[in-house]
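Chains as they are written, first to last, in this note's numbering: chain A, 1 to 259; chain B, 1 to 169.
Worth flagging that the hints you see were computed from the coordinates, not collected in a lab.
We put the beta carbon where it would ideally sit given N, CA and C, even for glycine.
Check the hints yourself; a few may be wrong.
[Stated by the list, open to error] In the SDA-like style, the derived pairs of lysine to any residue whose C-alpha atoms are separated by at most 25 Å in a straight line are: (1) A:K2 / B:T102; (2) B:K138 / A:D13; (3) B:K151 / A:S18; (4) B:K151 / A:P14; (5) B:K6 / A:E57; (6) B:K6 / B:W45; (7) B:K151 / A:A17; (8) B:K151 / A:R37.
[Claimed, not checked] Distance windows between CB atoms, simulated: (9) A:T206 / B:T56: 40 to 50 Å; (10) A:A51 / B:G158: 14 to 24 Å; (11) B:R43 / A:C3: 41 to 51 Å; (12) B:Q48 / A:E53: 26 to 36 Å; (13) B:Q7 / A:C3: 46 to 56 Å; (14) A:F15 / B:T102: 33 to 43 Å.
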Amino acid sequence: MKCLEFRRELLQDPFAASETLLAHEAECEECARFSRRTRAREAALRNLLRAPEPPPELAERVRLAIRMEQQAERRRPFWLAAAASVMLAVTLGLVSLYERHIERGHMALAQSVVYHIVDEAKHLHTPGPAAPQRVREVFARFGAQLAGDIGQINFAAECLMRNRTGIHLVLQGEQGPVTVFLMPGETPARTVPVETDRFEGEILPTPWGSIAVVGERGEPVEPLAVKVVSRVRWGARPATGVAGLAQTGGQKLAGRISL
Amino acid sequence: MGKLSKQFDALVGALSPELYRYAMGLCHNPDVAQDLVQETFLRAWRSQETLRDVKTARAWLYTILRHEHARLYERQRPDVRDPHELPDVPVRGYDTSTEAFTLRRALQRLEPQYREPLMLQVVGGFSCKEIGNMLGLKPNTVLTRVFRARKMLHAMLGEDKQETAHEMP
Chain A
1 MKCLEFRREL
11 LQDPFAASET
21 LLAHEAECEE
31 CARFSRRTRA
41 REAALRNLLR
51 APEPPPELAE
61 RVRLAIRMEQ
71 QAERRRPFWL
81 AAAASVMLAV
91 TLGLVSLYER
101 HIERGHMALA
111 QSVVYHIVDE
121 AKHLHTPGPA
131 APQRVREVFA
141 RFGAQLAGDI
151 GQINFAAECL
161 MRNRTGIHLV
171 LQGEQGPVTV
181 FLMPGETPAR
191 TVPVETDRFE
201 GEILPTPWGS
211 IAVVGERGEP
221 VEPLAVKVVS
231 RVRWGARPAT
241 GVAGLAQTGG
251 QKLAGRISL
Chain B
1 MGKLSKQFDA
11 LVGALSPELY
21 RYAMGLCHNP
31 DVAQDLVQET
41 FLRAWRSQET
51 LRDVKTARAW
61 LYTILRHEHA
71 RLYERQRPDV
81 RDPHELPDVP
91 VRGYDTSTEA
101 FTLRRALQRL
111 EPQYREPLML
121 QVVGGFSCKE
131 IGNMLGLKPN
141 TVLTRVFRAR
151 KMLHAMLGED
161 KQETAHEMP
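Work out the full structure, taking the sequences as your base and the hints as a guide.
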């Protein structure tokens with residue numbers, strides 16, 4: 001094997017180990033040096049490209065997205081699948097697109113809720129209860145208040161969610177922690193279920209936005225959801241988005257998610 | 001809600017990490033990379049009846065992701081970062097050393113026709129025949145492209161001057 005051929009083969013696949021390649025490397029010092037440099041660079045390239053670790057819940061997020069899509073397809077009226085004429089097909093197609101658009105929005109909202117819980121999983125283990133004064137302060141930033149007991153609150157903070165500020169609570173459920181997000185400005189068209197292998201709950205629309213109540217699978221979240229929805233009094237001017245941050249004097253945010 | 005088929009569920013679990021790495025290599029943005037992986041599996045799920053052979057699923061998913069990245073880029077020129085910018089949210093395993101920055105920048109400077117086959121070979125471990133099928137190229141063309149890609153990378157990273165004196169291919 002000639003040196004030219006050796007180097008071409010090596011640059012095509014630096015970790016190739018054909019007998020002729022190895023034989024030439026053993027007898028040609030220059031090519032052996034070239035081989036060492038090339039393989040070192042290839043190792044660096046592999047380390048660079050193969051190293052980034054995905055967030056641990058990426059696969060779960062994908063599964064959730066597919067389940068939401070399955071649900072969206074099942075909710076589509078049966079007649080959408082049986083277009084009889086071109087005009088009907090176009091109309092149905094437009095309705096379907098619109099429904100898909102709405103369902104994609106619900107799917108994205110549910111995903112962001114789960115992602116935020118996972119991203120800030122440490123708050124699930126915050127020992128409670130949180131100081132009542134602290135809870136009142138967090139609500140007061142939004143002109144909101146709790147008009148009754150919603151159970152033990154272990155964690156309360158302002159949070160940035162999908163470019164809007166809201167309230168992140170962790171309540172003590174029957175079996176474990178239950179996350180509650182009060183999301184002003186997030187307005188789903190209906191109650192959106194949240195379901196993954198680990199979590200289940202729902203996102204309930206309200207006049208001012210929505211409330212997400214999510215616990216570990218098996219946790220009966222509905223009684224808590226009813227309490228929270230009925231006892232949260234939201235102010236006339238909720239502090240949302242960047243303007244809200246300015247109003248609250250740039251309070252420290254508990255976390256950030258993005259979609 | 002419905003369950004994913006066992007087979008598809010296994011694909012999601014097994015291939016999400018490497019598809020994420022491939023997406024990061026394309027866009028250098030962890031949020032966009034996650035979106036690309038999610039959209040890839042969604043598209044694959046919608047078309048899973050066209051998947052004849054589970055063994056080819058890997059190549060199929062990489063191809064979908066490539067197309068999704070290209071579509072995203074054409075549509076809205078997403079927040080594809082300059083490789084020298086660090087992700088806002090720390091990414092585990094994301095090398096922030098000077099050497100990594102230099103290598104990343106050099107890789108980004110390669111033309112797509114050279115960078116794409118090289119990344120599929122390095123990240124995906126695909127053979128030249130598989131890469132050829134994915135990119136619509138003959139295997140020999142893929143070999144030439146990865147050879148030239150590495151040659152250009154080495155030149156950008158500063159080859160040993162003795163190599164050039166030894167009549168490089």
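Numbered hints the structure breaks, given as an ascending list: 1, 14
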